[in-house]
Amino acid sequence: DTEVTQTPKHLVMGMTNKKSLKCEQHMGHRAMYWYKQKAKKPPELMFVYSYEKLSINESVPSRFSPECPNSSLLNLHLHALQPEDSALYLCASSPGTGTRGETQYFGPGTRLLVL
Amino acid sequence: SQQGEEDPQALSIQEGENATMNCSYKTSINNLQWYRQNSGRGLVHLILIRSNEREKHSGRLRVTLDTSKKSSSLLITASRAADTASYFCATGDNTNAGKSTFGDGTTLTVKP
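Residue numbers (my numbering), protein chains in the order written: chain A, 1 to 115; chain B, 1 to 112.
Calculated from the structure, these hints are not laboratory results. It cannot be assumed that every hint is accurate.
To be verified - Heads up, simulated DSS-like pairs for lysine-lysine below, C-alpha to C-alpha not over 30 Å straight-line: (1) 26(B) <-> 41(A); (2) 19(A) <-> 70(B); (3) 111(B) <-> 18(A); (4) 38(A) <-> 70(B); (5) 36(A) <-> 26(B); (6) 40(A) <-> 26(B); (7) 69(B) <-> 40(A); (8) 69(B) <-> 56(B); (9) 111(B) <-> 40(A); (10) 19(A) <-> 9(A); (11) 40(A) <-> 18(A); (12) 36(A) <-> 70(B); (13) 41(A) <-> 56(B); (14) 56(B) <-> 40(A); (15) 111(B) <-> 41(A); (16) 41(A) <-> 69(B).
Predicted, not measured: the structure shown is a model, and the values here were computed from it.
Kindly produce the complete structure, drawing on both the sequences and the hints.
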């Protein structure tokens, strides 16, 4: 299996809702990433997990809470989001430790709309 | 600010023509990669070039890297309508913390 899967594909939520984005890979990769991408902009790194431990947090607001339950799964818990958080959220994985610019394998993304 | 800056921002060509896009970066790198993104989808890795390499080929893709000028170029030869996408360079940080930082991207349109 050479895919990174993400669910849901689309999500609409209100500012008081709590929701979660899920990401799964079965390639045996040990690093997993969350990115946020606004329209016509490059992906912005949010979090990196290496061997199930959070290794990079790019000063992301606490309303975004990542979780790595095991080496194949990565969640992003959302709470009290703002309309400006509407974006495409991309998950990626890479074989090693997530350092020195490894090749990353991306999922198709979750399109999030915050009302 | 983003490590990589790409130009042009947008490029429109006819099928069969070659497309060249450029990426410039600011700091020391371990490697540089190019990714493609079809509209609203995930990114697909195209090619990786290490800091000690100057040129690399993969099918219709040719990548060059000039570390003295801190720049890279991606050439797509004999373009096809299916090559229509956004192309991003991503520089790999030369430290143990090393994350990849994406450039602003070039939007390529190939007209049939």
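Exercise. Which hints, by number, does the structure contradict?
Worked result: 2, 3
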